[in-house]
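Engineer: Listed below, chain by chain, are the residues.
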Amino acid sequence: MPTETVKRRITIDPVTRLEGHGKIDIILDEKGQVDKAYFQVPELRGFEKFAQGRQVEDMPQITSRICGVCPTAHHMASTKALDAVYQVTPAPAGRKIRELVYSTFMAEDHTLHFYFLGGPDFVVGPGAPKAERNVLGVIGKVGVETGKAVISMRRKLRELVALAAGKPVHPVFGLPGGVARRLTEEDRGKFRAVAAEAVDFAGFTLDIFHKVVLENSDYVDLIKSDIFTHRTHYMGMVDEKNRVNFYDGMLRVVTPDGAERAKFDPAKYLDYVGEHVEPWSYMKFCYLKQQGWKGFTEGADSGIYSVAPLARLNVADGMATPLAQAAYEEYVKVLGKPVHHTLANHWARVIELLYAAERMKELAEDPEVADPNVRTIPTATPAEGVGVVEAPRGTLFHHYKTDDRGIVEKANLIVATQNNAARISMSVEKAAKGLVSAARCDDGVLNMVEMAFRAYDPCLGCATHSLPGSMPLLVTVRDRRGETVSTLRRDSDGAVSRG
Amino acid sequence: MKPKVAFYWCASCGGCEEAVVDLSEAILDVAAAVDIVLWPVALDFKKADIEAMPDRSIAAAFINGAIRTTEQEEWARLLRRKSQFVLAFGSCAQLGGIPGLANMWDRKSIFEAVYSEAPSTENPEGVTPQRQHKLNGESLTLPGFFDTVRKLDDVIDVDYYVPGCPPTPKLLAAAVQTLLGGDLPAKGAVLAPDHALCEDCPRKDTKPVKLALAEYHRPHEVIVDPEKCLLAQGVVCLGPATRSGCEARCIEGNMPCTGCFGPTSRVRDFGAKAISGIASLAASNDEQEIEHILGKIADPVGTFYRYSLPASLLPRKRI
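So the protein sequences, as listed, match chains A and B. With my numbering applied, the first sequence covers 2 to 500. With my numbering applied, the second sequence covers 46 to 364.
If we strip away everything but chain A, and leave its shape as in the complex, we get (with noise of 0.2 Å):
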């Protein structure tokens, strides 16, 4: 091993379950204690330079390969930069075509999450054997029938996006004015049997979370401690009501003190999010304009906000259907608000997926989604538009300028996962700095740091959060030549040997 006056360095790398790679860097000082941490994003493919030139409605088809685990969030925010493009308001049944079948997304994807990704970690406890620390572990936790169930859902809910969107990954529904199919009477009877099961299936996971999580007093300790929490600002889009809404509405920001910081059309967005890049990092990093980039710091006076379920609810008075909202109610309770518990993430994605089945099943029994009419022609000249939507990991940002023909020359496009960059960053150092050490490296410890971005559900464009398995990690401890002084491992079984 080497001495104490060694300078060292850990680097988890790679951190898998992102696309391509996510690496950490830890810095430790002569003491061996953490002096610096770093979340690298290795990995970019340059989506705003490449849409130059195309046919502008080809953009949500283009786009939505940015992500192969969240494509409709992508086609979706892309379509409905094509409406302000071609400044054209959608047919009434194409409107809520998208947003049924967006419900139905965003209810797949937080489903996935739950129990296969962020799940573990609670439902399981940090403290398992971590052979158990996976969706195994849940499903051994709560049941094989509910394991089942789980699946079934998935694929029932999948088949529904192929129904009216063409493919589950990378759809093809979205044009202009509307979307390029429309519903029968037996398509929305499909939507409406599989949104009544989603509803109760997401009252059922609620349950599993309240007696797993909020009624072991350890877990609740753990959600609240400092190494978990950042007070900074946060964004989400409400209806008119301030109540969250996934497809569309307004942005609001809230303080870390929960005031109303801003609340502004998302077409505006330009006056309030800026992007900084980091010379050791892909990816750029998002802060309020009015505040300004100053540096990886939190408070009311730092320009870095959070997104995605936590934001959302922080930025909300309240969610729009009667369980969610109920759910909402409780979590409020126990927790205040806003929250500054980046673990509460898991909560709040759980209350979320009780709005989106509830909003899936309002939207399936409306008899407007059968209607034939499912678009409007667009006749105006296209010019410039933005389109945001909530994606499961966050508000998302796209925006298209073209000529007169229609094709575009520039593109702007700011991903959900983006906007928590700065903010994931100081939690992986917070997290590092209050458990690592040369002398603490253990695999407990590097699972608390995982705790840290995975609550997050990052998505660094994207990371696929639907596979079992603890997140395996290898450690290596170098010395400033970059040798190898020593290494852990711990395997996706939770198996951890030393090298």
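What the hints contain is simulated information worked out from the structure, not anything from laboratory work. There's no promise every hint is true.
Here are the simulated BS3-like cross-link-like pairs (lysine-lysine), alpha carbons at most 25 Å apart as the crow flies [unchecked claim]: (1) 255(B) / 273(B); (2) 179(B) / 434(A); (3) 362(B) / 411(A); (4) 215(B) / 149(A); (5) 142(A) / 225(A); (6) 341(B) / 402(A); (7) 191(A) / 215(B); (8) 215(B) / 157(A).
Knowing the structure of chain A, use the given hints to seat chain B on it.
Structural biologist: Then chain B, alone, in the frame of chain A:
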């Protein structure tokens, strides 16, 4: 001992991984028949383990994604060395895919677009990501970003191809069966039907024997009849040039085929084939008139080479 299988991703979106997950129950059969030794999305990364394995000890490596960075090239080479068979899985690995559209530009112009020109980006000092960056005496590294996107077989030898963006779970299951069955197809085979999508199209019966189009329409300009051949309605549909196997999902979604399954075995350059096919449908013999009809296709590269620019016979655009 069960045959070892590896899954890996390069410049891609994760949609090919979803296709694997969408095997649903069938994934259990696959897992029972083979030993998955690498699958970063689900299992431990274990680059060191792969490096430590004897050469050719992996039966088959399924690699998706194009080659955009130095790290992806290193991984492709490593897996080639360790595997008996390498399969290019999905459009990006087979043909370059949508990330390959970046070959209209180079690294510098892409970095400028992303890190300087993006209207929300504030970067007065022109900072760009660096392969190596010194910070507080420590060096932070990133993989290098090539000027040109390459398909997998530009970097390593590829044995088989599974087409699609993404491939269907059905094609994946069939590919695994083929490899396990031992009755191997000729090297270089594309593991999908070798005929055009039109032959399997649910609207096949409505396709006129002789098509002649006086006008092309972009999909948002017309209401498309959900029963009728899209080409017959003047919408550019690449079904005649595109390999089948996709289950005509886009057509079922009432949108045209955009060619993600690439060409059949009889065609070398997908885009060239698609262009000649579409151009020959123009209902005129007058050069100016033909030009007018085809002029409606405002973005030939994005229309005909959307998934295959790096596989084109045309050299990449020179900057």
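Engineer: Okay, which hints does this one fail, numbers in order?
Structural biologist: none
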